[in-house]
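Using the hints, put the two standalone chains together into the complex.
For the protein sequence lines, the chains are D and S, in the order given.
Going by our numbering, the first residue of the first sequence is number 1, and it counts up by one from there.
Going by our numbering, the first residue of the second sequence is number 1001, and it counts up by one from there.
Calculated directly from the structure, the hints in this document are not laboratory data.
Take every hint as true, because none was put in to throw you off.
Just so you have them, the derived chain S footprint on chain D, three or more residues with Cβ under 8 Å:
| hint | region |
| --- | --- |
| 1 | 4-14 |
| 2 | 18-27 |
Take a look, some chain S residues computed to stay more than 10 Å from chain D by CB distance:
| hint | residue |
| --- | --- |
| 3 | K1041 |
| 4 | W1043 |
| 5 | Q1101 |
| 6 | A1103 |
From the three backbone atoms N, C-alpha and C, an ideal C-beta is built for every residue, glycine too.
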Amino acid sequence: MTIQLTHFSAAFVFALFASIVFGITHRDTTREMVRYGLYCFAMFLGGILVAGWAMWLVRR
Amino acid sequence: MANQTTAKSKGADSVQPASAMSVIAPALGWLIPGAGHIIQKRWIRGALLFISVATLFVLGLMMQGHIYKANGGDILDILGFIGDLGAGGMYIVTLAMNGGQGAIAFAIADYGTKFMIVAGLLNFIAVADAYHIAIGKKQ
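Just chain S, with the same shape it has in the complex (with noise of 0.2 Å):
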């Protein structure tokens, strides 16, 4: 028992308390992926998440895919919204330039519409990443 509590403490010791680089690096990651990790001079992992993410988010918008906005009424749409928003700046910016209104009326655009929503879903997995390095639980 005093074995067991001793290990936990230890493992408590390595996670950092929370600081502002907490809260800093996920909502620039978000906004920019893979700047969450470039903040923090993980500069390769940075940079290799920013081409993974925008490559996926600009091929599918070239593909013809369908951005999903917040109002969409049905669930699978609201589902595709979620993981849209997930590309953060990339989604923010293609709305305001009205892009991404693709029909999905044929099988490229519908390929095209689930690359943004996974490029969206990998950059939230990013972003955890990115929280993690920064309390001290990753390196």
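Next comes chain D alone, as it looks inside the complex (with noise of 0.2 Å):
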């Protein structure tokens, strides 16, 4: 059984799972944890997003 995940989709699910493992680890209470995880994803999410803008204006 195979998957074709697009390349942001893949990097969505990345983002998500590193960030919940992330969270988990890298804080004490469970309220840290959230809040770091959500962070995370963000940071993730966003340097994707900024990346691909940039990919985009180096391109043109």
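As structure tokens, this is what we get:
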């Protein structure tokens, strides 16, 4: 069984699960874990979007 | 100076001496992602770690990612092997079933290869976290 993800959906899945692990392992309380996980997720996705637009500008 | 010494000794008191759990939890956590937390009654954390690491690894396989072996030779292959090895039991089962033989001929397969390496590396972090919980450094 194979699966075909687009570049963005692959990056989204990666960001989601990496953020969950970072949140759990890098903070002590549940509240801090959730906040740090959300922060990491936002940074991952934000970085992807910024990098994508930067490459679009370079290509023009 | 005396205050610094007192503060250091207080910090050291919070860390428990090495116990059987400080060996079992990381070992089990490496073999089955999240199990190091579950054995210490951190049910939700353990379940979330298992779902995260297992999903990344399985998705990597389904994207026809490549599994690195110990006798890669090339330095990048060795680094890939170290990353893959972190997935523990899933890596062993995949090798036993002769899976992960993709040739990385297209972009999605390359993403899949990286998914599996990152799943292993994330599991290494989870193993360290299980150890910190076992020695009382983290709740």
